[in-house]
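Work out the full structure, taking the sequences as your base and the hints as a guide.
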Amino acid sequence: MGLKTTLQKYFKGDPILWGVIAVLAAISLLAVYSSTGSLAYKYQGGNTYYYMFKHFVFLLVGIGIIWGIHQMDYRMFAKYATVGLWASIGLLLITLITGVSLNSASRWLTVPGIGISFQPSELAKLALIMYIARTLARHQDDKAGAKDAFRPIMTYVGIVCGLIFTEDFSTAFLIGFIAFLLMFIGRVPFKYLASTVGVAVMLVTILMLASPYLPFLHRAQTWKTRIENFVGGDKLEDNSEGNYQSRQAQMAVATGGLFGKGPGNSNQRNFLPHPYSDFIFAIIVEEWGAIGALLMILCYVVFLFRAGVIVRGSMRTFPAFLAIGLSYLLVFQGFFNMGVAVGIFPVTGQPLPLVSMGGTSILFTCVAMGAILSVSRNNMEEAQKLKEEAGIATA
Amino acid sequence: MTIKRDITWRVGVIYLALVVLAVVVFGKVVYLQVVEGPEWHAMEEKMTSQEREIEANRGNILASDGRKLACSVPSYRLYMDMMAHGLTDEIFEDNVDSLGWYLSNFFKDKSASAYKKSLKDARQKGRRYYRIQRRRVSFTELKKIKQFPIFRLGKNIGGFIPEQLDRRKKPFGILASRTIGKLYEEKEKGGMVGLERAYNEELKGQNGVNTFTRISGRWIPEEIMPPRNGKDVMTSFDIEIQDVAENSLRKQLIKHNAHHGVAILMEVETGAIKALVNLHRKSEGNYIEDYFNYAIGEATEPGSTFKLASMIAALEDGYINLEDTIDTGKGYCKFYDRVMRDSHHSGFGKITYREVFEKSSNVGISKMIVEHYKSDPKRYINRICSMGLDKKHGLQIKGEGDPFIKYPGSKTWSGVSLPWISIGYESKLTPLQTLALYNAVANNGKMMKPYFVNGIYEHGELIKEYEPTVLNPSICSLGTIEKVHDLLVGVVEHGTAKNIKNKDYLIAGKTGTAQIAKGRGGYKKGGVEYQASFAGYFPADRPKYSCIVVVNGPSNNVYYGNEVAGTVFKQISDRVYASGFDMLDEHAEEIPDEGILPYSKGGKKEDLLTVFDRLNVTIEGDEVESDWISTKAQEHKVNFKRKSFARGLVPNVKGMGAKDAVTLLENMGLNVIVSGRGRVKEQSLTAGGRIKSGTRIIIKLG
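Residue numbers (our numbering), protein chains in the order written: chain L, 1 to 395; chain P, 1 to 702.
Derived from the structure by calculation, the hints contain no laboratory data. Do not take every clue at face value.
Unchecked claim - Just so you have them, the derived chain P footprint on chain L, three or more residues with Cβ under 8 Å:
1) 181 to 188
2) 248 to 255
3) 300 to 306
4) 310 to 324
5) 331 to 345
Said to hold, decoys possible - Far from chain L by the CB rule (all over 10 Å, computed), these chain P residues:
6) 77
7) 297
8) 345
9) 575
10) 613
11) 662
As the list claims (entries may be wrong) - Cross-link-like lysine to aspartate or glutamate pairs, in silico, EDC-like; alpha carbons within 16 Å at most:
12) 261/L x 44/P
13) 170/P x 290/P
14) 604/P x 666/P
15) 4/P x 142/L
16) 604/P x 660/P
17) 392/P x 402/P
18) 464/P x 201/P
19) 147/L x 6/P
20) 374/P x 317/P
21) 4/P x 141/L
22) 449/P x 390/P
23) 143/L x 6/P
24) 605/P x 660/P
25) 501/P x 574/P
26) 398/P x 201/P
We put the beta carbon where it would ideally sit given N, CA and C, even for glycine.
So this is what it looks like as structure tokens:
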């Protein structure tokens with residue numbers, strides 16, 4: 001038995017996806033080590049290995065989760081989707097009321113007893129996509145598309161986004177966007193989709209205008225300035241926080257050059273806030289250059305391509321929607337992050353999936369990865385079975 | 001299969017959209033790196049490693065006694081970084097009250113609550129460079145402010161940023177300030193004029209470089225090159241004399257409402273400038289020093305002071321004897337179409353050459369020169385040039401005016417050139433150049449190069465010394481020198497400068513009154529302006545200092561050199577004479593032979609004997625056999641008495657000099673600590689007490 005077969009025996013499903021995960025994890029480890037120097041000096045007395053080690057442990061656990069989940073039957077996700085959704089809605093409510101204010105937005109919930117904080121929105125994202133996938137699959141109709149799926153999906157998307165957006169607009173936007181893409185894939189009629197876009201634009205506009213009068217929208221000012229910075233883009237005069245971050249990130253990218261400054265040689269990590277999460281892409285480009293940027297981008301492009309392959313290989317709609325939905329979630333989140341770093345999107349706090357440091361977020365990402373690979377494994381096994389059956393038949 | 005096809009193409013569409021997005025993202029990466037790259041690189045350079053100059057302290061300009069004429073005094077602007085790394089809300093809020101109180105209490109310009117409010121405002125706005133106080137503070141003040149709440153936490157936590165600024169100060173105000181010079185507003189350009197400019201290289205020192213590199217979130221400073229402080233420039237200026245010269249010149253300028261004036265005092269033997277004043281009228285009664293360095297920069301027709309050169313020429317060529325006579329007629333004579341007049345309107349008639357010079361007769365001098373040099377004016381001009389009057393001195397500071405001596409055959413040379421040159425017209429000299437000639441006469445014919453700077457010091461150590469330079473070892477024969485010296489003394493004793501004659505010491509000099517063209521219009525268009533001058537040296541019998549005073553444009557009708565310039569000369573020479581210890585010795589060594597002899601300290605017998613012997617003082621009781629003597633001054637003699645000290649008892653050393661007291665006490669086994677200067681006034685152990693060996697005794701002198 002060769003190495004390949006050994007690996008395939010334990011790591012089932014699409015080997016290319018596994019490869020992408022391995023590459024991202026490796027880059028992540030180096031980038032996190034390099035970008036946590038400042039933090040290490042601030043909180044760990046200069047023990048620069050502290051954060052890398054912690055991150056490494058999370059990555060190991062994450063890969064364990066992927067491995068565990070990809071062995072499961074994906075149908076389980078359909079089964080527990082509604083329960084998970086309800087649970088996450090409950091958690092979001094609790095967060096909103098009691099949430100620990102970290103990072104100037106109350107998005108975090110601390111599990112009593114264990115002391116681990118996590119963002120319920122992470123759970124909500126996964127649960128919602130599973131629910132959408134299931135709902136779309138259920139309502140597939142040859143002729144009418146998934147007309148009936150629209151209402152329940154929109155209800156839950158509305159609830160989840162409504163609970164999240166006051167504290168974390170970008171996540172709410174991401175969820176809405178992915179839901180929209182999924183409905184498009186899932187054959188919800190175009191006129192529904194078009195009117196959804198219309199209503200969403202109107203809602204956001206009204207909210208933005210009314211934000212000064214709505215006390216619970218205390219973050220509206222941040223959004224506004226971030227967007228204004230992005231649109232106005234007067235680089236030198238404005239010294240507001242968002243603009244500063246964006247400039248530092250662009251500086252990191254620009255000074256990286258073709259081959260970068262070399263791993264561990266970033267300068268901008270000292271000036272960027274959260275260089276290990278929100279702006280890790282900038283640090284990677286600074287250290288690894290355009291080559292590094294290309295590698296990262298390719299990882300996500302390949303990832304989505306393989307997700308497409310899974311869709312094509314699926315016999316049923318639910319696994320196809322599940323795999324593609326979760327892939328969209330990871331890949332688009334990744335591109336939002338990269339887009340912010342290079343300055344084509346306004347500043348948001350979206351981490352780079354599997355690369356950014358941030359324990360619980362990695363674990364949820366890994367759940368999604370596991371689910372995708374579970375579908376892939378299932379598809380491959382089914383295909384194998386079909387082949388064998390065909391073989392028997394012809395024999 | 002419609003469903004699957006539907007789904008597949010939709011997935012394809014979104015995939016393509018993502019690929020487009022990927023291309024855009026990567027495109028932006030390339031755009032940032034290639035198109036905007038240089039800009040970002042430059043910005044990064046600024047942010048990540050900052051090179052900061054460590055400013056070197058500029059050296060001082062010192063007077064000849066080491067007192068500071070110009071020095072740099074650091075002052076500080078106070079800033080605060082409200083967003084300093086470690087300045088948490090907790091630290092800020094807890095201490096802002098007391099910081100406000102301290103600031104208010106220290107500066108006393110705003111209430112504590114006003115300070116608190118502005119600090120809070122600044123913090124709210126996230127100011128990174130908030131100026132706490134408009135006023136600059138001194139180093140000692142800064143030390144106190146650094147101890148204020150919050151500030152005492154340092155730069156990273158407390159956000160306190162004092163910014164050092166050096167200000168050039170002249171402790172003696174305008175004293176010689178033009179020659180000392182000044183700096184450009186922009187510090188890096190250094191000295192603008194005067195010594196500040198001439199010795200900029202020495203004074204400025206070398207800035208050091210510090211780089212700050214950002215390593216793991218901290219700025220790590222690294223001193224790449226330590227700064228080298230500027231060296232000190234010691235000038236030859238004497239603050240006292242400069243002060244006197246400036247005051248008396250100013251008084252005279254105000255009195256005559258003159259346009260500007262110059263006074264220079266030079267040490268005969270060396271050419272060292274002890275004082276140099278340039279005063280310029282700003283408004284009536286208001287004269288400033290730092291307008292223009294007339295003394296070295298303004299070459300004008302010297303007028304009658306130039307007659308000295310003519311006299312030297314004629315004497316050197318052996319054409320005249322001082323006692324020969326010449327007919328000056330009725331005070332005028334004609335050279336071609338121009339009439340030469342004496343200032344004495346009725347004329348002097350037939351007088352000796354000595355009188356010609358002492359009375360400063362224009363007719364006499366010009367007739368004498370024309371008579372002897374008409375056939376070959378070059379001889380006369382060559383004489384003048386051989387004294388070195390046509391050459392620049394090559395001063396240590398910039399801006400020396402060009403001397404101008406007309407040469408026969410040149411375009412402007414005319415028939416009347418020779419007579420007029422001979423009395424100080426049609427030529428140009430700066431006051432300093434004229435002074436150099438008089439100084440040469442005082443120095444037995446040796447012309448010295450005037451200089452202002454004695455040496456360059458680094459950390460109080462002389463690293464470069466400027467030696468006196470001889471410009472011309474002999475401007476003429478010694479015989480001529482003696483004759484003209486005699487003439488110059490005569491001018492003061494019974495000539496045009498009788499007004500400054502005094503019985504204490506002899507002055508040798510020459511008055512000068514020149515009509516000079518005003519502006520560019522020449523004599524006719526611009527009208528004339530008078531220039532009164534006096535150049536000379538003193539004490540004439542043993543010349544120590546030469547001095548020139550030039551008053552330009554005295555408009556209150558009195559314009560004769562003796563009146564206007566001579567007075568200033570006298571005031572300066574009086575002051576120098578009074579303070580000049582080394583010139584007083586002929587008076588001091590005379591021990592008055594009547595009355596009671598001066599008090600003398602008691603001390604060691606042999607020392608006292610040497611002193612009194614030298615002074616020819618009669619001593620009574622010099623046969624006393626004792627190491628220690630007490631003295632008593634009497635008429636005509638000093639009485640020596642044995643001074644005995646009991647063994648083992650503390651002696652009374654009051655009234656003794658420090659050396660004697662220490663010797664005596666140490667010999668008795670005491671441990672002596674001396675403070676003060678002069679004679680012993682107090683002693684810590686009472687006389688007569690028992691001595692324990694090694695006990696400490698403190699003696700206070702005063």
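Outcome of the hint check:
{"no.": "1", "hint": "181 to 188", "in the structure": "holds (count 5)"}
{"no.": "2", "hint": "248 to 255", "in the structure": "holds (count 5)"}
{"no.": "3", "hint": "300 to 306", "in the structure": "holds (count 4)"}
{"no.": "4", "hint": "310 to 324", "in the structure": "holds (count 5)"}
{"no.": "5", "hint": "331 to 345", "in the structure": "holds (count 8)"}
{"no.": "6", "hint": "77", "in the structure": "holds (22 Å)"}
{"no.": "7", "hint": "297", "in the structure": "holds (48 Å)"}
{"no.": "8", "hint": "345", "in the structure": "holds (80 Å)"}
{"no.": "9", "hint": "575", "in the structure": "holds (64 Å)"}
{"no.": "10", "hint": "613", "in the structure": "holds (81 Å)"}
{"no.": "11", "hint": "662", "in the structure": "holds (61 Å)"}
{"no.": "12", "hint": "261/L x 44/P", "in the structure": "holds (13 Å)"}
{"no.": "13", "hint": "170/P x 290/P", "in the structure": "holds (12 Å)"}
{"no.": "14", "hint": "604/P x 666/P", "in the structure": "holds (15 Å)"}
{"no.": "15", "hint": "4/P x 142/L", "in the structure": "holds (10 Å)"}
{"no.": "16", "hint": "604/P x 660/P", "in the structure": "holds (7 Å)"}
{"no.": "17", "hint": "392/P x 402/P", "in the structure": "holds (6 Å)"}
{"no.": "18", "hint": "464/P x 201/P", "in the structure": "holds (13 Å)"}
{"no.": "19", "hint": "147/L x 6/P", "in the structure": "holds (14 Å)"}
{"no.": "20", "hint": "374/P x 317/P", "in the structure": "holds (14 Å)"}
{"no.": "21", "hint": "4/P x 141/L", "in the structure": "holds (11 Å)"}
{"no.": "22", "hint": "449/P x 390/P", "in the structure": "holds (14 Å)"}
{"no.": "23", "hint": "143/L x 6/P", "in the structure": "holds (11 Å)"}
{"no.": "24", "hint": "605/P x 660/P", "in the structure": "holds (11 Å)"}
{"no.": "25", "hint": "501/P x 574/P", "in the structure": "holds (11 Å)"}
{"no.": "26", "hint": "398/P x 201/P", "in the structure": "holds (14 Å)"}
The structure fails none of the hints (numbered hints given earlier).
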